[in-house]
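Whole structure, please, built from the sequences with the hints as guidance.
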Amino acid sequence: LHWATLTPEALVEELAHDRRAEQTIALSRIARDKHRLVRVAVDLTVAAAAVLSVALFAALAS
Numbered sequence: 001l002h003w004a005t006l007t008p009e010a011l012v013e014e015l016a017h018d019r020r021a022e023q024t025i026a027l028s029r030i031a032r033d034k035h036r037l038v039r040v041a042v043d044l045t046v047a048a049a050a051v052l053s054v055a056l057f058a059a060l061a062s
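In terms of my numbering, the sequence shown has 11 at position 11, counting the first letter as 1, and numbering is strictly consecutive.
Think of the hints as simulated: they come from the structure by calculation, not from any bench. Here the structure is a predicted model, which means the values were calculated and not measured. There's no promise every hint is true.
As the list claims (entries may be wrong) - Here are the in silico distance ranges between beta carbons for each label pair:
{"id": "1", "residue 1": "A58", "residue 2": "H2", "range": "52 to 58 Å"}
{"id": "2", "residue 1": "F57", "residue 2": "A21", "range": "50 to 56 Å"}
{"id": "3", "residue 1": "F57", "residue 2": "I25", "range": "45 to 51 Å"}
{"id": "4", "residue 1": "L27", "residue 2": "A50", "range": "33 to 39 Å"}
{"id": "5", "residue 1": "F57", "residue 2": "R36", "range": "30 to 36 Å"}
{"id": "6", "residue 1": "L6", "residue 2": "T45", "range": "42 to 48 Å"}
{"id": "7", "residue 1": "A58", "residue 2": "R19", "range": "54 to 60 Å"}
{"id": "8", "residue 1": "A16", "residue 2": "S53", "range": "57 to 63 Å"}
{"id": "9", "residue 1": "A31", "residue 2": "V54", "range": "32 to 38 Å"}
Glycine is no exception: its CB is placed at the ideal position from the N, C-alpha and C atoms.
Here it is in structure tokens:
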């Protein structure tokens with residue numbers, strides 16, 4: 001979105017700078033955070049399945 005606001009000259013100047021290291025770090029942090037959130041989602045899903053299975057066994061036992 002930042003590039004959409006630039007003039008052609010400003011865009012050429014922006015592209016002249018090598019920002020691969022900063023971009024790699026930023027993308028790595030995004031991937032790390034995403035992986036952490038996916039792990040939390042999986043853990044919560046497993047916990048919910050455990051609660052449901054306990055409820056099922058309790059219902060069948062009564």
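Status of each hint after checking the structure:
At roughly 56 Å, the beta-carbon separation of A58 and H2 lies within the given 52 to 58 Å, and the hint holds. For the pair F57 and A21, the supplied restraint of 50 to 56 Å holds, since their beta-carbon distance comes to about 54 Å. At roughly 48 Å, the beta carbons of F57 and I25 sit within the given window of 45 to 51 Å. Taken as a hint, the range 33 to 39 Å holds for the pair L27 and A50, whose Cβ atoms sit roughly 35 Å apart.
At about 32 Å, the beta-carbon gap between F57 and R36 stays in the expected band of 30 to 36 Å. Roughly 43 Å separates the CB atoms of L6 and T45, a value that falls within the hinted 42 to 48 Å. Between A58 and R19 the beta carbon distance is about 57 Å. The supplied range of 54 to 60 Å therefore holds. Between A16 and S53 the CB atoms are about 59 Å apart, so this pair conforms to the stated range of 57 to 63 Å.
Under the hint 32 to 38 Å, the C-beta atoms of A31 and V54, about 35 Å apart, fit the expected range.
Checked against the numbered hints given earlier, this structure breaks none of them.
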